[in-house]
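Numbers in the working numbering are just positions in the sequence shown, counted from 1, shifted up by 36.
It is possible that part of the hints are untrue.
[To be verified] Estimated spans, in silico, between C-beta atoms of each pair: (1) Ala-591 x Asp-638: 40 to 46 Å; (2) Gly-128 x Glu-442: 50 to 56 Å; (3) Arg-338 x Thr-177: 51 to 57 Å; (4) Lys-348 x Ala-215: 28 to 34 Å; (5) Val-471 x Gly-562: 35 to 41 Å.
Since the hints were made in silico from the structure, they are not lab data.
C-beta atoms are modelled at their ideal positions from N, C-alpha and C, and glycine is treated no differently.
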Amino acid sequence: MAEPEAGAILGVDVGGTFTDAVLITDSGIFTGKSPTTPEDHSIGVLEATTQVLAKAGAAAGEVTHFAHGMTVATNALLESKGAETAFVATRGFTDLVEIGRQDRASLYRLQAAHPPPLVPPERRVAVEERHGPDGVITGLTEEEAGRVADQVASLEVDSVAVCLLHSYRYPEHEQAIGAAIRDRLGPDVHVSLSHDVVGTFREFERAATTEIDAALSPLMAGYLDRLARRASDAGLPEPEIMQSSGGLAALEEVAAHAAVAVLSGPAGGAAAAGMIARHSGEENLLCFDMGGTSCDVCVVERGRVHETASKKIAGRPIALPMVDIDTVGAGGGSIAWRDSGGALRVGPESAGARPGPACYGLGGTRPTVTDANLVLGRLNAGDELAGGIFLDLDIALEAIGGLARELGIPTGDCAEGIIRVANAEMIRALRVVTVQRGLDPRHFTLLAFGGAGPLHAAGVADELGITDVLVPVAGGVFSALGLAAADRRRDEVQTVLAGEDELDPATLAGLAGEADQVDWDLRYRGQSFELTVSEDGTGDRPIEKSRLREIFERAHRDRYGYADPSAPIELVTVRRRFLRSGPGFDPSGAPETSGQGPVKLDLGEATLHVPAGWKVRGEPGGLLRMVREQ
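Modelling step: build the complete structure from the supplied sequences, incorporating the hints.
The structure is reproduced here in structure tokens:
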């Protein structure tokens, strides 16, 4: 693991309402915040960068590394606004992604909603070829590859996804199809090959991920090209991009495979949370990132951020390494409304950056969570936010009052209700990543960050039975800090499907290779799904199958409540990580703060609300700790 180069490090995170910037220099950590520019996020990125450079008294030429996280891929996937895409598959499997798997979240719901297909039937192309798990069944001819390329050309698409059976082991047919399409359509049409994107078995997840990659990559490439040109014109280095895994990658790699960055924005906060766990000694953290549009939650256990090998985003499976984050549409800009049954609801619709909450005075009229916090006195009327925005209490009262009249309740009660409903949404997400994973949230410390997170931390902690809350002083720009300090990371995934008797030390060592970290997907023979466990081997100690069994059975017992020492195990997949250390950040210094609630503390880019029954004090590492009085 190589050491990072010296110099100023810039991290910029694009949120739904604000774009945050952090600059790490020899003189300290400097922060900035600017309104997000929805028409082109790269404009807001440069505005926030200009602001933070001015604060630090630094020139753009002093920046040696520029890390960036954004929601371009996320938003396109949520809104099904990807590029016009064709899907090429082995004959008989062109409808694979739309058919999906038989399992679904609501088994007895007869009219379950499914996301619309990214590729409609008329843009699905069948190929006369086939591999089985042991090799070729039907060969691919040059004529057939040319016919497929001609058919794809007739569809006039911007991108092509190719997923053939067993290409994770035998990629030759996919490579031939890809070459024929590129020769026929030229460089302006993007081509995603499934063995390049995922490279593991289970054709449905591999095909779905490849479709997503193909649909998003042209949009991502366009955005990153604009960003790189603006950065170059400003004298900044080419940005590195945060992946969903919590590690940075080169811009051209993410432009070529956008699926790796679907959780790019939230992953920055998770990376920073992992650093806080290592610096503070709090190894078990329940992380709660509430911004202007949404709230992202994840778990740090034993000092390591929980990851997953596959996850559904907007109802679509993505089989790539990513931080195990759950997201709900509850942020500072989430709009409160009355449903048809007369109940108070909050989100998922957000006021966004424009017009923003009503109290911003930018033309918004609908009540939001931020308006409720201002009405309740948790925010100060007249305070200035980024972009010269001042909080207007009168407009907030008018917006909340209108909803209160619809509900037939006082304005203050309506504001309290908005906060409670928003908190309930976030608590549900936090229970998903703890209780549904067999974890007790009461055994964790809550780490609250994001522009709105510290305002809601105590209320959320109370409902979960958590008595300790950590809030970074830089919590309002915490994700950007995580970007600036993050490691560079490359993942390799290899399907193995080997029995326990095949796992001798030499085989395991060969599978691990020169990776900095190795995860192993294991299962009992006969199980359909596996558990991921970590075992790298240290020093001269080889990786042994007895050790893998030991850690697998411990993980199985933790998750399912039992283990079977007599049952044979199988190694399904090996996951290798190659890392280059980021700069980290200096955790020294404790805020000179102590007090007892009720009190509110201005953190610069966020406000901490300490209610009655809670105490607050500064701690080393630039942290504030809130403790529930017993």
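Handout entry: Violations among the numbered hints, reported as their numbers in ascending order
Key = 5
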